[in-house]
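Residue numbers (UniProt numbering), protein chains in the order written: chain Y, 1 to 440; chain D, 1 to 440.
Hints listed in this document are in silico derivations from the structure and should not be mistaken for laboratory results. Don't take each hint at face value.
Stated by the list, open to error - List of simulated lysine to aspartate or glutamate pairs, DMTMM-like, C-alpha gap at most 20 Å:
#, chain 1, residue 1, chain 2, residue 2
1, D, Lys-56, Y, Glu-188
2, Y, Lys-252, Y, Glu-188
3, Y, Lys-242, D, Glu-246
4, D, Lys-56, Y, Glu-384
5, Y, Lys-56, D, Glu-188
6, Y, Lys-56, D, Glu-246
7, D, Lys-242, Y, Glu-246
Quick caveat, the model's predicted, so the values are computed rather than measured.
If you want the building blocks of each chain, they are given just below.
There are 2 protein chains.
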Amino acid sequence: MPYPRLQFALVTLAAAAAALCMAAASHAQAPQLPPPDATYPATLQLMQGFPPPPDKVVRLANILKYPNVRWAAHHLRELGPTAAVWRGAGAPSALLAAARALDDALPVPDGKGGTTTLADWQKATYTDGLLVLHRGRVVYERHQIGMQPHQPHVLWSMSKSLTGLLATELIQEGVIDPKALIPRYLPELATSAWADATVQQTLDMTTGVQYAENFADPASGVFQYLAAAGLQPAPPGSNAAKSMAEFLPTLKKEGEHGTAFAYKSVDTEVLGWLLQRVTGKSYATLLSERIWSRLGAQEDAYVFADANGGQSTSVGVNATLRDLGRFGEMLRANGSFNGQQIISAATIAELRKGADPTKFSKAPGTAMRAGYSYHNQWWVPHDEDGTYEAKGLMGQHIHINPVAELVVVKLSTHPVPNTAFTHALDRQAFAALAAAVRAR
Amino acid sequence: MPYPRLQFALVTLAAAAAALCMAAASHAQAPQLPPPDATYPATLQLMQGFPPPPDKVVRLANILKYPNVRWAAHHLRELGPTAAVWRGAGAPSALLAAARALDDALPVPDGKGGTTTLADWQKATYTDGLLVLHRGRVVYERHQIGMQPHQPHVLWSMSKSLTGLLATELIQEGVIDPKALIPRYLPELATSAWADATVQQTLDMTTGVQYAENFADPASGVFQYLAAAGLQPAPPGSNAAKSMAEFLPTLKKEGEHGTAFAYKSVDTEVLGWLLQRVTGKSYATLLSERIWSRLGAQEDAYVFADANGGQSTSVGVNATLRDLGRFGEMLRANGSFNGQQIISAATIAELRKGADPTKFSKAPGTAMRAGYSYHNQWWVPHDEDGTYEAKGLMGQHIHINPVAELVVVKLSTHPVPNTAFTHALDRQAFAALAAAVRAR
Numbered sequence: 001m002p003y004p005r006l007q008f009a010l011v012t013l014a015a016a017a018a019a020l021c022m023a024a025a026s027h028a029q030a031p032q033l034p035p036p037d038a039t040y041p042a043t044l045q046l047m048q049g050f051p052p053p054p055d056k057v058v059r060l061a062n063i064l065k066y067p068n069v070r071w072a073a074h075h076l077r078e079l080g081p082t083a084a085v086w087r088g089a090g091a092p093s094a095l096l097a098a099a100r101a102l103d104d105a106l107p108v109p110d111g112k113g114g115t116t117t118l119a120d121w122q123k124a125t126y127t128d129g130l131l132v133l134h135r136g137r138v139v140y141e142r143h144q145i146g147m148q149p150h151q152p153h154v155l156w157s158m159s160k161s162l163t164g165l166l167a168t169e170l171i172q173e174g175v176i177d178p179k180a181l182i183p184r185y186l187p188e189l190a191t192s193a194w195a196d197a198t199v200q201q202t203l204d205m206t207t208g209v210q211y212a213e214n215f216a217d218p219a220s221g222v223f224q225y226l227a228a229a230g231l232q233p234a235p236p237g238s239n240a241a242k243s244m245a246e247f248l249p250t251l252k253k254e255g256e257h258g259t260a261f262a263y264k265s266v267d268t269e270v271l272g273w274l275l276q277r278v279t280g281k282s283y284a285t286l287l288s289e290r291i292w293s294r295l296g297a298q299e300d301a302y303v304f305a306d307a308n309g310g311q312s313t314s315v316g317v318n319a320t321l322r323d324l325g326r327f328g329e330m331l332r333a334n335g336s337f338n339g340q341q342i343i344s345a346a347t348i349a350e351l352r353k354g355a356d357p358t359k360f361s362k363a364p365g366t367a368m369r370a371g372y373s374y375h376n377q378w379w380v381p382h383d384e385d386g387t388y389e390a391k392g393l394m395g396q397h398i399h400i401n402p403v404a405e406l407v408v409v410k411l412s413t414h415p416v417p418n419t420a421f422t423h424a425l426d427r428q429a430f431a432a433l434a435a436a437v438r439a440r
Numbered sequence: 001m002p003y004p005r006l007q008f009a010l011v012t013l014a015a016a017a018a019a020l021c022m023a024a025a026s027h028a029q030a031p032q033l034p035p036p037d038a039t040y041p042a043t044l045q046l047m048q049g050f051p052p053p054p055d056k057v058v059r060l061a062n063i064l065k066y067p068n069v070r071w072a073a074h075h076l077r078e079l080g081p082t083a084a085v086w087r088g089a090g091a092p093s094a095l096l097a098a099a100r101a102l103d104d105a106l107p108v109p110d111g112k113g114g115t116t117t118l119a120d121w122q123k124a125t126y127t128d129g130l131l132v133l134h135r136g137r138v139v140y141e142r143h144q145i146g147m148q149p150h151q152p153h154v155l156w157s158m159s160k161s162l163t164g165l166l167a168t169e170l171i172q173e174g175v176i177d178p179k180a181l182i183p184r185y186l187p188e189l190a191t192s193a194w195a196d197a198t199v200q201q202t203l204d205m206t207t208g209v210q211y212a213e214n215f216a217d218p219a220s221g222v223f224q225y226l227a228a229a230g231l232q233p234a235p236p237g238s239n240a241a242k243s244m245a246e247f248l249p250t251l252k253k254e255g256e257h258g259t260a261f262a263y264k265s266v267d268t269e270v271l272g273w274l275l276q277r278v279t280g281k282s283y284a285t286l287l288s289e290r291i292w293s294r295l296g297a298q299e300d301a302y303v304f305a306d307a308n309g310g311q312s313t314s315v316g317v318n319a320t321l322r323d324l325g326r327f328g329e330m331l332r333a334n335g336s337f338n339g340q341q342i343i344s345a346a347t348i349a350e351l352r353k354g355a356d357p358t359k360f361s362k363a364p365g366t367a368m369r370a371g372y373s374y375h376n377q378w379w380v381p382h383d384e385d386g387t388y389e390a391k392g393l394m395g396q397h398i399h400i401n402p403v404a405e406l407v408v409v410k411l412s413t414h415p416v417p418n419t420a421f422t423h424a425l426d427r428q429a430f431a432a433l434a435a436a437v438r439a440r
């Protein structure tokens, strides 16, 4: 091994803390990263052989021990229960190549004032797959580290943006009232943190909940959250909740609702629960009926399930790179794709509006994303091109640039979970891609 | 509830004992069965609601408590880890309707000297799906109890026939020597029951292994087997193996190899392990590359995985009714389907040959299937029409009648796991279907 295993396991945990509580990652604090080549599943022989050697077995219990997640991120269903998001019975929609593609050698800023290439930026950011669409045509597509095009990749917190999209659409349809208090739909939360929180506050993550997503603290709520979601074993000796429906009602209020942004997965789980309650349909069914089957997805997606059959609407969705490209292109085209209006243009407009950046900037660690807001589970930079983004742990991105008619989907398994760690670098690359497609 | 829950839970366990050790089920011993209508998942509200009420939650730990399996059999991936059997990137193959279909009212013998209908036979045998093909055209298709056509259904022991088919094909290709002793391929089994067993004896289940599939005895090997496969929790306080690769080497020889048939899932797990070892590919990959993708399956199939990532090649495959119809039709057409030779005609001929019925009849409980043999993991009745069959717990059937050019796929969740319990009734129904398609 060219780098010490333990060190990076610790780095991963520490960085994960930074990730979810949005702590700023300064250049001075940058950990020494393993050479990307040394983290490929095939190089490391992860899960190779029948059976794999004990030290090469990847399980949920060790996916946070880097680089196991490089295998796990495109094999998550092999580690636990999942519900299928059916692609439907129709033929896949066309996803055609553009006449002129972008090149691996495309110059991209290296984040230090110099220049790297499109290929090297991907490698340096531990990319598993990159898809770039211009005006709906594929201008660049790469699957890396052995991930096959038909294999779904975990979205982590990009799942939140799917949930926010569905919630926004149901608000547009009048099924959900954004001003209503959460217990109107979920009486189980009447004595919880969400007792007097509105749907909109929950959508914008401005609720005040006594809960921290701090991986560095074993007593942090995040480990109880992950255990309830079935994504991590319960902490030893704990009486952690065994399902999300059991966990969420135990959380108490802290501070005021509506005053400041505070990033937390549990807000989204409340929304996902609410969606299922008001529609009477599972989240996987909603995703299939309203989005996946209508996109003409090539492959089924899936959602991780908890010990109670509950589906993780905050971090549990898995889908292929190309199907995420179809999804992103549908958004760019104001909800229209595959010959039909899939999501209303009003919903897309609502997502793009963003929220109040002054509330956003009150959260610790948001300096890297100065000027952003978080609205209906989407990241909105409020920039000239009107870009908006879904983001997930370890470098998941759907970046939509309406002015440049550009969609970028980037799936990664970066050793530093906090996507803010590579934020400046990635934004510069997205801008370079926008410039490149404009110049074509 | 129209029938006592506990009683049927016990009936299920007792009957399961009969099932797997092949004990004869006489009419006198017939348990009182629940009315089929009373076992529908929607009627019982199994897994309905967000979350479902605690007494409606189906988990692996309670799938043997009838009628939970009526929901679980077409939702198994929601209960544990699974590996996808990819359908491939191509369009699904055509599965066209015949000009004239069979009718629900088709008379079928009722097993007591009288007559019932095709519809009532299905209901009485707790059918989840029935597909009948004549000359490759669909003459009858029904999905029952809420199962959707795109939902894979568990095959249980019909998985064995897929494994046997792949093994036979690799024998035909010269990759596996049927006369070789198992440890030639799997040194891990050099001190186990299979130390001096040949591949062929393992294929025909004439090995002598100190192991009983007896559900009535909590100390029976079957509970250790199911725990190792990840399909049931380990028995409380046991030090059961955590994976199949850990479990199989612990089994010891009992009696002689090659003298008598003895039905046991562990033989197939040895074969499945061997297939993966010699090809270097996972079972799910083999099924996808060699069968599912070439059939033009409509949906991905999947295989249940153990705590080590091992795939259950004996009971763990799940597939849709229609894709199993494509598979059965490929066999009927001597390996040719979807415009290509998928499996060699020599392999199909080998499966159909059967084995020695005198060895078969030495096993307890085989009187119901007098004249049958079991060869390369297929059931061969040695009848006039040259029929051959895959069979699985609770009423899974792929019945192929080459003379009548008939394929029947029947998926069920019968309260009596032993498929021999309805054997006479089912055989009469299959014969009635053969007569009906001949008369069309």
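Identify every previously stated hint that the structure contradicts and give their numbers, smallest first. 3, 4 and 7
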